[in-house]
Each structure stands twice: as C-alpha cells, then as structure tokens.
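Protein sequence lines correspond, in order, to chains A and B.
Using my numbering, read the first sequence as starting at 1 and increasing by one per residue.
Using my numbering, read the second sequence as starting at 113 and increasing by one per residue.
Errors might be hidden in some of the hints.
List time: in silico SDA-like cross-link candidates among lysine to any residue, alpha-carbon distance up to 25 Å [what the hints assert, rightly or not]: (1) A:68 with A:84; (2) A:68 with A:51; (3) A:99 with B:126; (4) A:67 with A:38; (5) A:99 with B:156; (6) A:56 with A:69; (7) B:121 with A:68; (8) B:126 with B:183; (9) A:36 with B:126; (10) A:111 with B:170; (11) A:99 with B:124; (12) A:67 with A:104; (13) A:36 with B:119; (14) B:121 with A:38; (15) A:70 with A:112; (16) A:36 with B:170; (17) A:36 with A:73; (18) A:56 with A:44; (19) A:70 with B:214.
Now the in silico label distances, taken between C-beta atoms and shown as ranges [as the list claims (entries may be wrong)]: (20) A:38 with B:156: 18 to 24 Å; (21) A:16 with B:113: 33 to 39 Å; (22) B:171 with A:39: 39 to 45 Å; (23) A:50 with B:139: 20 to 26 Å; (24) A:30 with B:120: 24 to 30 Å.
By construction, these hints were calculated from the structure, which means they are not laboratory data.
Here the structure is a predicted model, which is why all the values come from computation and not from measurement.
All C-beta atoms, glycine included, are put in the ideal place defined by N, C-alpha and C.
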Amino acid sequence: GEDVEQSLFLSVREGDSSVINCTYTDSSSTYLYWYKQEPGAGLQLLTYIFSNMDMKQDQRLTVLLNKKDKHLSLRIADTQTGDSAIYFCAETPNTGGFKTIFGAGTRLFVKA
Amino acid sequence: NAGVTQTPKFQVLKTGQSMTLQCAQDMNHEYMSWYRQDPGMGLRLIHYSVGAGITDQGEVPNGYNVSRSTTEDFPLRLLSAAPSQTSVYFCASSRGGAGEDEQYFGPGTRLTVT
C-alpha cells in the first residue's frame, strides 16, 4: 500500500545543515512535498518537487529526489532556531482523485 | 484574505455528544478537505470536497459527516463523539486537486473527548 516514512526526531546546532529524509512506496507518485508545521499552527507548504526532477533548490532549501530508491530529502542550510518545527514529507500517488499521503513528521530541534 | 479559518480552536466533549467543527476560506478555492492529526502519525484524510455540493470520503470517514453548500464553507460534524476521535483537526483548501496547487491549512481545532 501507499506509505510515507520518516524519522521522528533530528537535532542540529544553529548554523549547521539539517538533512531530513523520507522514503515513500508509491513509484507512481507525481508530486512530492515538504510541509512545515510550527507549534500550534497548521501545515505550510515549504516546497515541492515534480517526479521528473532530481533536485530543486530554493534559497536555503535543497530537495533531492532519488526515484530508484524512492527516497526524498530536505536539506536546510545554515539552520536557524526559527527552523525548529515539524517537517512533513508527503506524496500524491498517481491513482487519480484527490489524495495526499503524509508521513508522521520529523521534529527538528535547533540548539543555539 | 483571511485564508482558511477554523472554529473553535479548542473543544472538550463528552462521549456521545455531537458538534460541528467550522471551516471557511475566502480564496474561492474549489477543493476543501478535513484531516486529523494524531501523535506519531501523519495527517489522515477524513472527507474532502471538489466543489459546492460535492463531497467524498477519505481514508478515515467513519463517525464524521460533511456538507458543502457553499464554496466558502466546509463544516465537519461529529455525530456521536467517541474518545477515539480525540485529535487535532485541520481543514485545508486548494485551487485545484493535489499537484502543483498548494493546499492551505487552517490553524487546527484541538478536540478532546472524555
């Protein structure tokens, strides 16, 4: 079945790079997403990558997609305390209809 | 634009009570959806709507009803609350279906059923 898995916690020091990893099972997925959730708030789309791309860069964010291994990563350069949040990986299977599968989220702790 | 708004922010119910979680968006989005978020799990889709008058079930629809009489509003009804429905509920909207169209999420409603 469709599943998205990611580690639950990551701790980094301020200024270091953070890499959050995600694996997914549906090879037909057309879009893969990274959402950010700050405490007490809803999810906010950070970035997405289309399945025919290997990499996407947006300022401090770099998304890498390995379709062969069904592996998606989010790298945050120069991590700041304001980056502390939960990061959700999500995919849209190419099964038609309206469906986004979310991972359980990775809680990023940034130590000053 | 206010974006996606949800009320209430917090609610405590007793088992068997009913209530409606409100969701509204002012972006003229066709697609709206309800998710629940439980600890250690990703968001799970409860119900969704692709336009006024059209709703469909998501992954975990049991115990919930929805209606979409207007483009702006998409209320979620709990018919007879159960402790298993203790969760954080998020409403989301998007211009089109999942894909390049970003889903905008409301701030959430934290529901506790005792």
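Indices of hints not satisfied (ascending): The structure conflicts with hints 1, 3, 4, 7, 8, 9, 10, 11, 15, 22 and 24, although it agrees with all the remaining ones.
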